[in-house]
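There are 2 protein chains.
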Amino acid sequence: MVVKSELKLIKSLQQKKCRNEHGLFVVEGKKTVEEVVNSKIKLHKLLAVDPEGFVEGVEVERITNRELSQISSLKNPNGYLGVFHIPEQAEQLLSDWILVLDGVQDPGNLGTIIRLCDWFGLTDIVCSLDTVDCYNPKVLQATMGSITRVNIQYRVLDSFLNSTKLPVYGTFMDGDSVNDSKLPKKGIMVMGNEGKGVSNSVAKLCTYKLAIPQYGGETTESLNVASATAILLHEIRK
Amino acid sequence: MVVKSELKLIKSLQQKKCRNEHGLFVVEGKKTVEEVVNSKIKLHKLLAVDPEGFVEGVEVERITNRELSQISSLKNPNGYLGVFHIPEQAEQLLSDWILVLDGVQDPGNLGTIIRLCDWFGLTDIVCSLDTVDCYNPKVLQATMGSITRVNIQYRVLDSFLNSTKLPVYGTFMDGDSVNDSKLPKKGIMVMGNEGKGVSNSVAKLCTYKLAIPQYGGETTESLNVASATAILLHEIRK
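Residue numbers (the working numbering), protein chains in the order written: chain A, -5 to 232; chain B, -5 to 232.
It should be emphasised that the hints constitute simulated quantities derived from the structure, not laboratory data. Remember, predicted model here, so these are calculated numbers, not experimental data. Warning: the hint list may mix true and false statements.
Straight-line Cα separation of at most 35 Å, DSBU-like style, residue types lysine-lysine; simulated pairs [unchecked claim]:
id	chain 1	residue 1	chain 2	residue 2
1	B	K25	A	K10
2	A	K11	A	K24
3	B	K5	B	K190
4	A	K25	B	K10
5	B	K180	A	K179
Using C-beta positions, here's what the derived DEER-type ranges look like [unchecked claim]:
id	chain 1	residue 1	chain 2	residue 2	range
6	B	A84	A	E85	56 to 64 Å
7	B	S171	A	S171	21 to 29 Å
8	A	K190	B	G211	32 to 40 Å
9	A	L123	B	G47	48 to 56 Å
Virtual Cβ for every residue (Gly too), placed ideally from N, Cα, C.
Chain A extracted, bound-state conformation (with noise of 0.2 Å):
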C-alpha cells in the first residue's frame, strides 16, 4: 500500500508546475526506469506491482495495479514507475556542436530528438522557454534513457546566442542546401517551431540559413522538425 498522499503527488507530476515546484519527475516502463536509476540522476522512490528481481539492491514500494492506474501517465501502465529529482542545469556545455530549440511544441518531436542527440553524440540541448518542457512523461516516452545521457538546458535564446563565439546555422525553407555546405567541426544549430519556423528574433542571430531540399512535387508540408534534425545531425558528423 502506498499512501494516498504519496500517490497524489506522483499523479501531479504530470503537471509541469508540480514537476517544478516538487523538483522531481516520473519514469514509467521497467527498462527506461532501470536506466535511469543507474545514470546520475537521483533517485526518489521506487514503485513496482512486482518488486521481485526489480533493480537490485534498491528499495522497491510495492503497488497494486489500481493504484497505478491513478497516477500513471499511460493508457496501459506497465507496472513499473520511478520517482527522480530533477538535475541540476550543468553550468558549461561541452559538446562541440550544440543543439539549440527554439519553440518545439509536441512532446513526441522532442522526445525523439533528445535520442538523436544521444545516437550523434551530442550532448548538450539548449532550448527557448517556449519550448515542451523534458521531463514531461510523453517526451520520457519517446526518449527512452536518453535522457540520462543529454544535457538539457532551457535559457533565454537571445542573450544565449549572442553571446557565444561559435557559428550559428540555422534551419529555413529558403536556406542555402545543406547538400552543398561544408559544416565546421563546431557550431550551434537551431530547429524552430514546428508550424512557424525559427523565431524573427532568433533568425537575425544565424550566421548562416540551411535549408534541407525537398524533391516531391506538388508537396506544401515542411519536413517534420525531428526528421529534419536527424537529417542534420548526421550532416554535422559525416
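Since the structure of chain A is provided, determine the placement of chain B on it from the hints.
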C-alpha cells in the same frame, strides 16, 4: 442531424476490419480533409460542425459537437470530418526508389515515413502484411495530406523482393556505413520493425546491408525507424 446508423458506421471505421469491409476511411481536420477532397481519392461524405465556407461545391452535412465527439478518434475533435473510399492498389510501381517497410508497428512512425516519402519524391511504399494499416486514424494524423500523393501497397515481401530486378538495400545494425556507400539511381530500400529490425527471411533477400553510424558513447538504443528513414532518403536524393 446525422442519422444514428451513419454515426455508428463512421465510428466503426476506426477498426481496420471495418475499414476493409466497407472500403472506407476517415480523415479529420479542416486542412487535411480539404487536401484529400481535392485529390484523386473518392469522397463518400463530409461532415462539419460549421459547414459554412468548408470545401466549395461539395455537399457538407451539419453535425453537432456532441455527435462528432462520439465518432471522432481525436481527444479534441476539431469540427471537420471526411469519409473517403480506400483507393485501389496501383498495379505498377513507378518510383525510381521504392521504400519497403517490414513490420513497422507504430502509427506515428508510418505517418512520418509517408510524409518523408512525399518530401523526397518517392511515390511508392510497399508494406509487409503485418505493417500498421495506413488508413489507421493515427497514421493519417501524422501524414497530413501526404497520403494523397504516395501510393501505398501491402504485399508478401518475400515474393515481391524475389520478383524485382532492382538492387535491394536493407538497414541493419551491422551493415556498411551509408557514408561510404554510393547509392544507385534506382533501387529498393528496406526498413525494419521498431524492435526487431528487418525479419530474417527478408534480410536474405537484401543484396546490400547499410547502417547509419552512431557517434554517441555508451548508447544502446537504436535509431528510431522514422529518423533512420529520413537520413536514408536524404542520402538517396543527394
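Hints versus structure:
1. K25(B) to K10(A): Given that 35 Å is the threshold and the Cα spacing comes to 31 Å, the pair holds.
2. K11(A) to K24(A): Holds, at roughly 26 Å.
3. K5(B) to K190(B): holds (33 Å)
4. K25(A) to K10(B): holds (31 Å)
5. K180(B) to K179(A): Cα-Cα ~33 Å, so holds.
6. A84(B) to E85(A): 56 to 64 Å: This hint holds: roughly 57 Å between Cβ atoms.
7. S171(B) to S171(A): 21 to 29 Å: At 22 Å between Cβs, range holds.
8. K190(A) to G211(B): 32 to 40 Å: holds (34 Å)
9. L123(A) to G47(B): 48 to 56 Å: The hinted range 48 to 56 Å is violated for L123(A) and G47(B), with Cβ atoms some 37 Å apart.
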